[in-house]
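**Q** All chains should be built: construct the whole structure from the sequences, respecting the hints.
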Amino acid sequence: MADTPTTHEQRTGFNEAETTVAKRTGPAGRADAAATTQQITLTINGEKHTLEVEPNVVLLDALRERLDLTGSKKGCDHGQCGACTVLINGHSANSCLTLAVMHEGSEITTVEGLAKDGQLHPVQEEFLEHDAYQCGYCTSGQMMAAVSMLNDKRIGTDDASVKEAMSGNICRCGAYKNILSAVQSAREKV
Amino acid sequence: MTETIIGHRTTRVDGELKLTGKADYTSDHNLPNQAYGYPVPSTIACGKLLELDIDEARQAPGVIEIVHRGNFPQLQPSDNNPACGTAARLYRSPSTMAEQNKVGEVRLPFEDDGIHYEGQYIALVVADTFEHARAAARLVKARYEVHEAVPGLFSTDDEGEEAGDEAVSRGDPAGAYETAPVKLDQTYTIAMETHMAMEMHASIATWEDDRLTIYESTQGVVFQRNALAQIFGIPPEKVTVIAHYIGSGFGSKLFMWPHAVMTAVASRMVGRPVKTVLSRQQNFCNAGNRPASRQHVRMAADRDGKLLSIRHDSQNETSFIDSYTESIGSGTPRAYACDNVSVSQRRVQVNHGTPTSMRAPGEVSGSVALEIAMDELAIELGMDPLELRRKNFAERDPTADLPWSGNHLRECWDDASRRFGWEKRNPEIGSMRDGHEIIGWGMADATWEAMRSHCKARVELRADGKVQVACGTQDIGTGTYTIVAQTAAELTGVPLSRIEVKLGDSMLPAGPLSGGSMATATVLPAVAGATRDVIEQLKQIAIADGAPFAGKEADSLEFKNGELSDGSRSVSFVDILNAVPRGMVEGEASAAPGDEQDKFSFRSFGAHFVEIRWDPGISRLRVSRVVSTIDIGRAINPLTAKNQVEGAIVMGMGMGMFEETEYDPAGNIYNNNYADYVVPVHADIPDIEVELLDNPDYNFNEFGARGVGEIGITGMAAAISNAVYHATGKRIRDMPIKIADLID
Numbered sequence: 001m002a003d004t005p006t007t008h009e010q011r012t013g014f015n016e017a018e019t020t021v022a023k024r025t026g027p028a029g030r031a032d033a034a035a036t037t038q039q040i041t042l043t044i045n046g047e048k049h050t051l052e053v054e055p056n057v058v059l060l061d062a063l064r065e066r067l068d069l070t071g072s073k074k075g076c077d078h079g080q081c082g083a084c085t086v087l088i089n090g091h092s093a094n095s096c097l098t099l100a101v102m103h104e105g106s107e108i109t110t111v112e113g114l115a116k117d118g119q120l121h122p123v124q125e126e127f128l129e130h131d132a133y134q135c136g137y138c139t140s141g142q143m144m145a146a147v148s149m150l151n152d153k154r155i156g157t158d159d160a161s162v163k164e165a166m167s168g169n170i171c172r173c174g175a176y177k178n179i180l181s182a183v184q185s186a187r188e189k190v
Numbered sequence: 001m002t003e004t005i006i007g008h009r010t011t012r013v014d015g016e017l018k019l020t021g022k023a024d025y026t027s028d029h030n031l032p033n034q035a036y037g038y039p040v041p042s043t044i045a046c047g048k049l050l051e052l053d054i055d056e057a058r059q060a061p062g063v064i065e066i067v068h069r070g071n072f073p074q075l076q077p078s079d080n081n082p083a084c085g086t087a088a089r090l091y092r093s094p095s096t097m098a099e100q101n102k103v104g105e106v107r108l109p110f111e112d113d114g115i116h117y118e119g120q121y122i123a124l125v126v127a128d129t130f131e132h133a134r135a136a137a138r139l140v141k142a143r144y145e146v147h148e149a150v151p152g153l154f155s156t157d158d159e160g161e162e163a164g165d166e167a168v169s170r171g172d173p174a175g176a177y178e179t180a181p182v183k184l185d186q187t188y189t190i191a192m193e194t195h196m197a198m199e200m201h202a203s204i205a206t207w208e209d210d211r212l213t214i215y216e217s218t219q220g221v222v223f224q225r226n227a228l229a230q231i232f233g234i235p236p237e238k239v240t241v242i243a244h245y246i247g248s249g250f251g252s253k254l255f256m257w258p259h260a261v262m263t264a265v266a267s268r269m270v271g272r273p274v275k276t277v278l279s280r281q282q283n284f285c286n287a288g289n290r291p292a293s294r295q296h297v298r299m300a301a302d303r304d305g306k307l308l309s310i311r312h313d314s315q316n317e318t319s320f321i322d323s324y325t326e327s328i329g330s331g332t333p334r335a336y337a338c339d340n341v342s343v344s345q346r347r348v349q350v351n352h353g354t355p356t357s358m359r360a361p362g363e364v365s366g367s368v369a370l371e372i373a374m375d376e377l378a379i380e381l382g383m384d385p386l387e388l389r390r391k392n393f394a395e396r397d398p399t400a401d402l403p404w405s406g407n408h409l410r411e412c413w414d415d416a417s418r419r420f421g422w423e424k425r426n427p428e429i430g431s432m433r434d435g436h437e438i439i440g441w442g443m444a445d446a447t448w449e450a451m452r453s454h455c456k457a458r459v460e461l462r463a464d465g466k467v468q469v470a471c472g473t474q475d476i477g478t479g480t481y482t483i484v485a486q487t488a489a490e491l492t493g494v495p496l497s498r499i500e501v502k503l504g505d506s507m508l509p510a511g512p513l514s515g516g517s518m519a520t521a522t523v524l525p526a527v528a529g530a531t532r533d534v535i536e537q538l539k540q541i542a543i544a545d546g547a548p549f550a551g552k553e554a555d556s557l558e559f560k561n562g563e564l565s566d567g568s569r570s571v572s573f574v575d576i577l578n579a580v581p582r583g584m585v586e587g588e589a590s591a592a593p594g595d596e597q598d599k600f601s602f603r604s605f606g607a608h609f610v611e612i613r614w615d616p617g618i619s620r621l622r623v624s625r626v627v628s629t630i631d632i633g634r635a636i637n638p639l640t641a642k643n644q645v646e647g648a649i650v651m652g653m654g655m656g657m658f659e660e661t662e663y664d665p666a667g668n669i670y671n672n673n674y675a676d677y678v679v680p681v682h683a684d685i686p687d688i689e690v691e692l693l694d695n696p697d698y699n700f701n702e703f704g705a706r707g708v709g710e711i712g713i714t715g716m717a718a719a720i721s722n723a724v725y726h727a728t729g730k731r732i733r734d735m736p737i738k739i740a741d742l743i744d
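Same order as they appear, the protein sequences are chains W and B. Under my numbering, the residues of the first sequence are numbered 1 to 190, in order. Under my numbering, the residues of the second sequence are numbered 1 to 744, in order.
Note that these hints are calculated values from the structure, not bench results. Computed from a prediction, not measured in an experiment: that's the story for all the values here. Quick reminder that beta carbons are idealized off the backbone N, C-alpha and C, glycines included. Do not rely on the hints blindly, as some may be mistaken.
To be verified - Examples of chain B residues toward chain W, derived with CB under 8 Å:
1. 16
2. 23
3. 199
4. 476
5. 502
6. 692
**A** Dropping the structure here:
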């Protein structure tokens with residue numbers, strides 16, 4: 001460790017990737033924008049929730065920190081891992097990449113809305129039977145992506161197409177083989 | 001007692017909770033009046049923090065407090081630091097395994113003004129919402145004196161410091177090498193890896209008077225409880241650590257990191273619960289890594305392939321603030337029959353956060369060099385690589401000079417090679433083709449030490465018909481909840497649906513870390529002991545005056561299917577408890593390893609056979625098939641055990657082909673996210689066919705289980721590299737293998 005005393009000014013404690021997100025959040029970090037909250041009504045799993053949020057509140061954080069719907073997980077906050085996948089109007093989406101205020105009127109489905117009347121969804125049943133998880137942290141995202149994919153007629157039904165379509169959902173435990181077999185088994189039941 | 005549950009495929013007892021979003025991971029908790037912590041990391045890797053300007057951040061909306069060196073309790077309270085009265089003083093954890101208070105980074109947050117690695121915390125903003133904390137953290141300004149960083153092992157000439165206790169030597173390896181007819185002398189490297197557990201590190205701390213409760217994503221609630229008690233100087237009974245569900249850890253969550261201390265202090269300062277969830281970027285800097293390593297292997301054999309000498313000398317990175325040793329050569333002296341062996345380990349200081357255990361720490365790195373070297377030696381000898389291994393099979397543990405408790409490596413070789421079709425391998429390089437693709441076949445051995453620790457457990461039989469089992473260990477995704485329930489079900493005859501398992505709370509009877517593949521062998525004997533104890537307690541209750549078996553001898557009663565029987569009459573434990581009446585009866589037990597370690601050497605063994613395909617036209621490399629046979633003693637739950645081995649194989653593919661934490665020359669990580677740090681995804685996954693042999697190791701424990709978490713990753717990267725050589729003739733000794741290495 002040679003001493004080369006140059007000095008460095010840190011404007012922000014963030015690396016580039018985080019700065020990008022922070023910039024997108026707009027003026028919320030400024031003191032003069034403190035009061036810009038907005039009332040929104042989100043329809044989640046068929047239920048309406050009214051809440052007061054600043055415009056930079058990400059949908060995932062609104063679900064988890066405001067509505068206590070913590071089944072959707074945060075694994076990267078950058079749309080890279082898929083743990084936060086929910087259905088928005090029937091299509092899978094990274095809830096960490098979209099703002100809560102953009103979803104007034106959207107139909108949002110989270111993992112909490114998959115089972116109906118105490119009966120597991122076929123995808124949930126097959127995940128249980130095939131042990132398509134280990135730690136369970138990516139699981140809600142995997143299942144939501146699978147539900148969306150199984151309803152998407154553009155995606156082939158062969159293993160390679162499923163693997164390609166599901167590649168936005170990382171499972172660090174590596175339970176991929178079982179996830180694939182669970183998804184393919186559920187195909188016949190949905 | 002009916003043997004129907006242990007050893008049988010059992011879907012997870014916690015499965016429905018995980019599948020419906022109800023399993024409570026750390027950051028899923030939202031406590032009343034909770035505030036949010038957001039750390040401010042250093043943007044330089046080496047130097048000094050000269051000045052911290054928090055004025056603008058302090059004025060930002062929602063900010064409650066900014067925790068930093070100026071107001072954080074210190075090791076040495078002094079009048080110069082008015083924020084730090086003696087009452088608020090902190091201590092370092094002794095950080096030992098023996099006292100069960102080991103931490104990942106011994107230095108306390110903000111302990112001095114030195115910056116030792118990029119991302120080191122310089123402040124923690126506490127605000128009313130996550131968004132406000134994040135926004136205010138951006139407004140904290142810092143001025144540093146920047147020193148030249150050591151960005152990594154491969155950018156320094158420093159030879160490092162010898163880790164003396166790692167050195168092993170037998171025979172005369174140098175002399176045997178000199179006179180041997182066939183020799184190999186090569187250097188292998190492995191890039192730094194990051195655990196990348198899906199769930200980011202998180203703490204939620206809250207104080208009630210002088211009692212601290214902390215929700216933490218940890219693989220060791222007892223270790224963290226003890227460490228926090230040391231740091232705050234309070235009795236361990238006043239600290240509760242909760243980790244009901246963990247989004248895995250792979251070692252990164254074994255030992256506490258500074259964010260937990262910072263969050264606990266912040267909560268005490270602001271007088272309300274504080275939730276801190278590290279960003280993915282911060283997870284790269286402050287929560288451990290598998291350090292980069294360099295290994296020098298010198299190996300010699302006679303012309304028939306008998307190993308004459310192995311020297312395995314390794315270096316690993318450590319930080320400037322802790323001394324971390326990666327025991328890279330620890331498996332080498334036991335791997336093969338060879339009379340002349342030496343192993344050494346050195347640590348080289350670099351400006352990274354302190355490394356920690358990552359899945360199969362040490363041995364998996366060692367297996368990369370040793371198992372590629374064996375392949376190279378086989379080529380040199382003109383011998384089949386499997387044949388070379390067979391020739392050097394160690395009939396007993398050559399280091400401990402003890403018999404193996406169970407070594408079924410030959411069965412693993414036979415089974416996996418047969419299922420793979422190894423006998424059809426044409427050894428000629430690049431000779432096997434399928435259309436555009438060149439096929440390569442390679443193999444390597446897998447091995448991991450079997451360890452066992454001490455453990456307590458409690459079992460309650462309740463008047464409502466439930467059986468509750470409690471142990472202060474964790475389920476990190478390995479299936480501990482399920483195998484504990486299976487054990488209680490097996491011994492009581494009560495169905496799984498009536499068994500409740502409580503884990504992940506330091507208030508429960510002390511259990512082990514979830515790591516090192518030792519949880520199963522450690523926890524189940526304690527659970528069995530507590531179950532037998534509660535049955536004894538129930539018998540005592542049942543023979544008391546007025547009870548259903550009044551006047552009988554306890555020994556004459558048998559417990560089966562949840563009922564006590566004297567041979568002519570059976571009464572359920574529910575009816576006994578209600579007749580007495582009592583709400584419940586409890587039993588406890590401790591279990592610890594005995595003297596079996598003096599009689600046997602306990603290890604697991606296995607073999608991986610890998611097919612890769614290289615398409616030179618489009619420069620595509622992929623693993624297309626993995627066939628593995630692993631002997632782990634007995635699998636308590638083959639469903640979850642096999643899943644773990646398959647997952648470890650996937651992580652081994654990551655090590656061999658993708659994973660590398662990359663630093664720029666200033667010591668800053670430039671791929672600190674889930675897109676640029678590449679891990680295997682669905683599309684990368686080949687056909688994986690794992691078989692687990694069923695050879696219960698009853699010398700190790702009554703269930704015959706040796707544990708399963710680590711072994712699958714060992715040998716995988718080497719098997720891939722060996723297959724790549726078979727396809728391309730290019731010997732890749734630096735992990736991960738890169739496409740650029742293969743392009744002509």
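**Q** Please go over all the hints and tell whether each is borne out by the structure.
**A** Cross-check of the supplied hints:
1. 16: 7 Å, holds
2. 23: 6 Å, holds
3. 199: Constraint on residue 199 of chain B satisfied, holds at 5 Å.
4. 476: For residue 476 of chain B, the interface hint holds, since the closest Cβ of chain W sits about 6 Å away, which is under 8 Å.
5. 502: Violated: closest Cβ of chain W sits about 18 Å from residue 502 of chain B, beyond 8 Å.
6. 692: 14 Å, violated
Hint check: violations occur at hints 5, 6; the rest are consistent with the structure.
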